[in-house]
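Number of protein chains: 2
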Amino acid sequence: MDAGLPRRSDQIFDAALTLLAEGGYQRLTVEGIAERSGVHKTTLYRWWPSKDALLGRALVESRLLDVEMPDTGTLRGDLEHLVGSAVRLLTAPATAPVIAAVLAGAGEHPALAGHARAFFADRLGRERAVVDRAVARGELPPDVDAMLLFDLLGGAVWVRVLLRRLPPDPDTPARVVRAVLHGLSA
Amino acid sequence: MDAGLPRRSDQIFDAALTLLAEGGYQRLTVEGIAERSGVHKTTLYRWWPSKDALLGRALVESRLLDVEMPDTGTLRGDLEHLVGSAVRLLTAPATAPVIAAVLAGAGEHPALAGHARAFFADRLGRERAVVDRAVARGELPPDVDAMLLFDLLGGAVWVRVLLRRLPPDPDTPARVVRAVLHGLSA
Numbered sequence: 001m002d003a004g005l006p007r008r009s010d011q012i013f014d015a016a017l018t019l020l021a022e023g024g025y026q027r028l029t030v031e032g033i034a035e036r037s038g039v040h041k042t043t044l045y046r047w048w049p050s051k052d053a054l055l056g057r058a059l060v061e062s063r064l065l066d067v068e069m070p071d072t073g074t075l076r077g078d079l080e081h082l083v084g085s086a087v088r089l090l091t092a093p094a095t096a097p098v099i100a101a102v103l104a105g106a107g108e109h110p111a112l113a114g115h116a117r118a119f120f121a122d123r124l125g126r127e128r129a130v131v132d133r134a135v136a137r138g139e140l141p142p143d144v145d146a147m148l149l150f151d152l153l154g155g156a157v158w159v160r161v162l163l164r165r166l167p168p169d170p171d172t173p174a175r176v177v178r179a180v181l182h183g184l185s186a
Numbered sequence: 001m002d003a004g005l006p007r008r009s010d011q012i013f014d015a016a017l018t019l020l021a022e023g024g025y026q027r028l029t030v031e032g033i034a035e036r037s038g039v040h041k042t043t044l045y046r047w048w049p050s051k052d053a054l055l056g057r058a059l060v061e062s063r064l065l066d067v068e069m070p071d072t073g074t075l076r077g078d079l080e081h082l083v084g085s086a087v088r089l090l091t092a093p094a095t096a097p098v099i100a101a102v103l104a105g106a107g108e109h110p111a112l113a114g115h116a117r118a119f120f121a122d123r124l125g126r127e128r129a130v131v132d133r134a135v136a137r138g139e140l141p142p143d144v145d146a147m148l149l150f151d152l153l154g155g156a157v158w159v160r161v162l163l164r165r166l167p168p169d170p171d172t173p174a175r176v177v178r179a180v181l182h183g184l185s186a
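Keeping their order, the protein sequence lines are chains A and B.
Last residue of the first sequence: 186 in my numbering, with the numbers rising by one and none dropped.
Last residue of the second sequence: 186 in my numbering, with the numbers rising by one and none dropped.
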């Protein structure tokens, strides 16, 4: 167990994210998380001084939003895996409402926008291992812009699913990755 | 003047989008739009039977969110122009809150999600002219996936500005377009 997290942190984080999805940021309280998770609120306050401290940690640490960092042996394989994970997070019934709630509240609540920013920064930090291995294999140039790489991959899925409201095809990950690695020009 | 729109449609659409940005979808009413625009509500109801009919039209037709379709003579020039326009829409004080309000409400209100979908479909329809000219010039293959092209370009800006909350660099359009046309691989 991670020494920096209390026992039953999985239940606590699940409760926080589910309540966020159900009621939005404004109605989320430490008391509500205590009730939903079955962990006493004094325990929660011992670990996190506020709902924002708890929620920020939940977004980064929860198993619900966790994405396995792949090591398939090729850049293409690793990136297709990551794009597939993004599609699942944005469409699965357990996770899509959490993401929608973060998006819905981030404009109005700077703390929530900060949590979203921290979430994406954490992801990018972990995704860099994929880029570093690809550079070592000669698949990417050493000066590649890793943030741009992941913004293109994630953004394409994001626009299709959340803005166009189109279902991703099974070959979406392969097509997106091919485009970002090799370009669409003639 | 467009025969399909009433006089003062610009003021009406501006009022609708500004009220959406200020108070969110739920509090938007035809009465509120009438008051803000100075156009009598019976006139508004003569043109649009509901707030959704009016709002859907406002998102697609308003000068506020309008983007000039470029014809610079090169695909790169046209796309950099479009990405620059997207950056401005997502960051300018007059438009960023409108987009934030659409995002915030789309998860909860299917009608608003439908308006967003229609907005992006309309944009894609107009952007196709850029792709058609590039295919004719031999800059893009005839079977290019135009939707993927614009999802990559728009998505990268979207993730950077709205999710990472990072300011776009002045060279963001050029870097995004270069990556999408020629790829990031070594």
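If you are wondering where the hints come from, they were derived from the structure by calculation, not from laboratory data.
Glycine is no exception: its CB is placed at the ideal position from the N, C-alpha and C atoms.
Certain hints may be false.
Stated by the list, open to error - Computed footprint of chain A on chain B, listed as stretches where at least three residues anywhere in the stretch have a Cβ under 8 Å from a Cβ of chain A:
(1) 62-73
(2) 99-107
(3) 116-130
(4) 156-169
To be verified - Now the in silico label distances, taken between C-beta atoms and shown as ranges:
(5) B/Ala94 with A/Arg175: 43 to 49 Å
(6) B/Gly183 with A/Thr29: 44 to 50 Å
(7) B/Ala186 with A/Gly38: 23 to 29 Å
(8) B/Gly125 with A/Ala174: 25 to 31 Å
(9) A/Ala92 with B/Arg36: 37 to 43 Å
(10) B/Arg117 with A/Gly125: 29 to 35 Å
(11) A/Met69 with B/Ala186: 17 to 23 Å
(12) B/Pro6 with A/Arg133: 18 to 24 Å
(13) B/Ala118 with A/His40: 45 to 51 Å
To be verified - A few chain A positions that, by computed beta-carbon distances, are all more than 12 Å from chain B:
(14) Leu5
(15) Asp10
(16) Gly32
(17) Tyr45
(18) Trp47
(19) Val60
(20) Glu61
(21) Leu64
(22) Gly73
(23) Gly107
(24) Glu108
(25) Ala113
(26) Thr172
Here is how each hint holds up against the structure:
Counting residues of the segment 62-73 of chain B whose CB lies closer than 8 Å to any CB of chain A gives 0, which falls below the minimum of 3, so the coverage claim is violated. For the segment 99-107 of chain B, the proposed coverage by chain A is satisfied: 7 residues have a C-beta within less than 8 Å of a C-beta in that chain, meeting the threshold of three. For the segment 116-130 of chain B, the stated coverage by chain A holds: 4 residues have a C-beta nearer than 8 Å to a C-beta of that chain, and at least 3 were required. Residues of the segment 156-169 of chain B lying with their CB closer than 8 Å to a CB of chain A number 9, which satisfies the three-residue condition for coverage.
Checked against the hint of 43 to 49 Å, the C-beta distance between B/Ala94 and A/Arg175 comes to roughly 35 Å, which is inconsistent with it. Evaluation of the 44 to 50 Å hint for B/Gly183 and A/Thr29 yields a pass: the beta carbon distance comes to about 48 Å. Taken as a hint, the range 23 to 29 Å is violated for the pair B/Ala186 and A/Gly38, whose Cβ atoms sit roughly 52 Å apart. Look at B/Gly125 against A/Ala174: about 26 Å separates their beta carbons, and that is inside 25 to 31 Å.
A/Ala92 and B/Arg36 have their C-beta atoms about 40 Å apart, which keeps the hinted 37 to 43 Å range intact. Here the CB-CB span from B/Arg117 to A/Gly125 is close to 34 Å, well matched to the stated 29 to 35 Å. Between A/Met69 and B/Ala186 the Cβ separation comes to about 21 Å, which falls inside the hinted range of 17 to 23 Å. Between B/Pro6 and A/Arg133 the Cβ separation comes to about 60 Å, which falls outside the hinted range of 18 to 24 Å.
The given range of 45 to 51 Å is respected by B/Ala118 and A/His40, whose C-beta atoms sit roughly 49 Å from each other. Once the 12 Å rule is applied to beta carbons, A/Leu5 is consistent with being away from chain B; the minimum gap is 25 Å. With a least beta-carbon separation of about 25 Å from chain B, A/Asp10 lies farther than 12 Å from that chain, consistent with its non-interface assignment. Distance check on A/Gly32: its Cβ is at least 19 Å (rounded) from any Cβ of chain B, clearing the 12 Å threshold; non-interface status holds.
The beta carbon of A/Tyr45 sits about 28 Å from the closest Cβ of chain B, which is more than 12 Å, so the claim that it is off the interface holds. Against the 12 Å criterion, A/Trp47 stays outside the reach of chain B, whose nearest CB is about 27 Å from its own CB. Chain B leaves A/Val60 outside its interface by the beta-carbon criterion, the shortest separation being 14 Å against a cut-off of 12 Å. Listed as a non-interface residue, A/Glu61 keeps its Cβ farther than 12 Å from every Cβ of chain B; the least gap is roughly 19 Å.
No beta-carbon of chain B comes within 12 Å of the beta-carbon of A/Leu64; the shortest separation is about 17 Å. At roughly 16 Å, the least C-beta separation between A/Gly73 and chain B is larger than 12 Å, which holds for a residue marked as non-interface. Its closest Cβ contact with chain B, about 4 Å, brings A/Gly107 to no more than 12 Å, contrary to its assignment away from the interface. Distance check on A/Glu108: its Cβ comes as close as 7 Å (rounded) to a Cβ of chain B, failing to clear the 12 Å threshold; non-interface status is violated.
A Cβ of chain B approaches the Cβ of A/Ala113 within 12 Å, the least distance being about 6 Å, so the stated non-interface status is violated. At the 12 Å boundary, the C-beta of A/Thr172 falls inside the reach of chain B, the nearest C-beta of that chain being 9 Å off.
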